[in-house]
Amino acid sequence: MVAITVFGSSVALGLPIAVAFASHAQSRAAVAACEAVARQPEAAGHVWRFLMLTLVLIESLVIYALVAFFVLQGLLARMVVH
Amino acid sequence: MKGAEAFHPPSVAPPEETWFHFIWLLTQRTRFPIPDWLFISWLVIFGLVVWAWWTKRTLRQLEGSVNQTIAEWFVEAIENFAVSIIGPKGHIYAPLIGTLFIYILLLNLIGLLPGFMSPSSHPYVTIGLAVAAITSVHIIALRELGLKGYLMHYVDKPLLSNILTAWMVPITICIHIASEAAKVISLSMRLFGNIFGEDVVLYQFALLGLAAYGFFRNLIGLPTPFQMLFPFQLPVVLLHILIGIVQAYVFSLLTGVYIGMFLQHEEAE
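If you read the protein sequences in the order shown, they are chains A and B.
Counting in the working numbering, the first sequence runs from 1 upward without gaps.
Counting in the working numbering, the second sequence runs from 83 upward without gaps.
It is possible that part of the hints are untrue.
[As the list claims (entries may be wrong)] Quick list of the computed label-pair ranges, beta carbon to beta carbon:
hint, chain 1, residue 1, chain 2, residue 2, range
1, B, L289, A, A20, 46 to 54 Å
2, B, L320, A, L57, 25 to 33 Å
3, B, F104, A, R39, 56 to 64 Å
4, A, R39, B, L144, 40 to 48 Å
5, B, L125, A, V31, 38 to 46 Å
6, B, L289, A, V6, 30 to 38 Å
7, B, L242, A, A20, 35 to 43 Å
8, B, N300, A, V11, 37 to 45 Å
9, A, G8, B, L289, 21 to 29 Å
10, A, V81, B, L320, 38 to 46 Å
[Claimed, not checked] Quick partial rundown of chain B residues pointing at chain A, CB under 7 Å, derived from the structure:
hint, residue
11, R139
12, S268
13, M271
14, V332
[As the list claims (entries may be wrong)] Calculated pairs, SDA-like style, for lysine to any residue (alpha carbon to alpha carbon, straight line, at most 25 Å):
hint, chain 1, residue 1, chain 2, residue 2
15, B, K171, A, A43
16, B, K230, B, W249
17, B, K230, B, S218
18, B, K171, A, A20
19, B, K171, B, W249
20, B, K265, A, M52
21, B, K171, B, F344
22, B, K265, A, L61
23, B, K265, A, A43
Hints in this document: simulated from the structure, not taken from any laboratory.
Virtual Cβ for every residue (Gly too), placed ideally from N, Cα, C.
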């Protein structure tokens with residue numbers, strides 16, 4: 001029972017931790033992009049593409065956490081059944 | 083605890099039943115039952131093919147129609163986009179990127195029509211799209227670089243020049259192979275997660291509106307025609323349109339970036 005509780009709470013907490021740090025990183029990228037556009041509005045197109053690429057690469061790390069979450073959720077369900 | 087069913091709450095996802103559910107029921111007994119998402123993605127493909135064929139048939143050099151103007155604008159925008167990501171060779175790969183963009187855009191947005199669903203909120207569709215995109219990236223790399231250049235991509239060439247770093251080569255091969263697998267996973271899961279999550283939010287907000295209607299009906303006796311008096315999902319619909327466009331853009335951008343990553347080797351040599 002203790003093992004299930006510990007495993008279950010760590011499964012539940014893993015994704016939110018990843019999301020918290022990734023959203024912090026994404027907000028910093030967005031802040032930098034906004035400052036760059038405010039300083040040089042003519043570079044908005046280039047900044048937009050780099051911002052998108054950065055956000056996507058940060059987001060993909062969260063997606064790995066999501067995949068791991070699905071895998072661990074399956075393990076948890078099997079653990080509960082046994 | 084008897085079973086996993088007791089542990090799982092009822093699903094929050096919207097039901098996957100559309101107006102085309104009868105096809106699934108009709109084809110139950112055949113060897114190849116057709117689910118709703120598959121049929122809707124076929125509808126999108128059919129519509130795109132018919133549109134492209136009709137636009138090509140009605141092409142004119144002077145006094146083109148509005149449809150022709152839209153198509154020309156789209157083709158030109160995609161070519162500029164591809165050239166800006168991949169480089170001077172980008173216009174060769176513009177058809178691939180543009181097809182992915184417009185197909186995924188329509189897959190995302192068709193779920194907003196009543197009686198339809200977004201096929202890209204089903205993981206099989208997005209995994210298939212990601213596998214197709216990454217496979218075409220590798221075929222393009224093989225064609226452009228040749229077999230030797232393609233294999234040298236997996237071995238980082240600067241490492242080979244020094245005896246002190248040459249031992250790292252097996253590690254970099256493993257890392258490159260793992261990153262190719264991770265590309266497929268992240269491309270498919272990003273599209274699936276965004277569209278599926280947005281669908282769930284839409285569905286739950288619509289249910290919230292229905293619950294509010296029920297509350298006020300019990301309070302002051304609202305008649306039945308006011309069932310949709312509280313369309314809480316409308317702001318989320320706008321967000322869904324935005325996210326559908328952004329995800330289609332991101333998918334085609336990443337496909338272009340992956341092609342560009344392979345072709346950079348050629349320019350460096």
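Exercise. Okay, L289/B versus A20/A on CB: inside 46 to 54 Å?
Worked result: About 28 Å separates the Cβ atoms of L289/B and A20/A, which means 46 to 54 Å is violated.
Problem set entry | Supplied distance hint 40 to 48 Å, evaluated on CB atoms of R39/A and L144/B | Given a distance of about 45 Å, which is inside 40 to 48 Å, the answer is holds.
Exercise. Has the given pair, K265/B with M52/A, been kept, meaning a C-alpha gap of at most 25 Å?
Worked result: Distance ~16 Å between K265/B and M52/A Cα, so the pair holds.
For this session: Mind checking the alpha carbons of K171/B and A43/A for me, to see if they're no more than 25 Å apart?
Result: Roughly 23 Å separates the two Cα atoms, so the pair holds.
Exercise. Does the alpha-carbon distance linking K171/B and A20/A stay inside the 25 Å limit?
Worked result: Given that 25 Å is the threshold and the Cα spacing comes to 40 Å, the pair is violated.
Exercise. So does L289/B sit 30 to 38 Å from V6/A, Cβ to Cβ?
Worked result: Between L289/B and V6/A, where Cβ atoms are some 34 Å apart, the hint holds.
Exercise. Is 21 to 29 Å a correct range for the gap between the Cβ atoms of G8/A and L289/B?
Worked result: holds, 27 Å
Problem set entry | Restraint satisfaction for S268/B [CB to CB of chain A, less than 7 Å] | Holds, because the Cβ-Cβ distance from S268/B to chain A comes to roughly 4 Å (cut-off 7 Å).
Exercise. Taking the closest Cβ pair, is R139/B under 7 Å from chain A?
Worked result: violated, 34 Å
Exercise. At the C-beta level, are V81/A and L320/B separated by a distance inside 38 to 46 Å?
Worked result: holds, 42 Å
Problem set entry | Minimum beta-carbon distance criterion (7 Å), V332/B to chain A | holds, 5 Å
Problem set entry | Given pair status - A43/A, K265/B, alpha carbons within 25 Å | Measuring from Cα to Cα gives roughly 29 Å; hence the hint is violated.
When the structure is compared with the earlier hints, violations turn up for hints 1, 11, 18, 19 and 23 and for no others.
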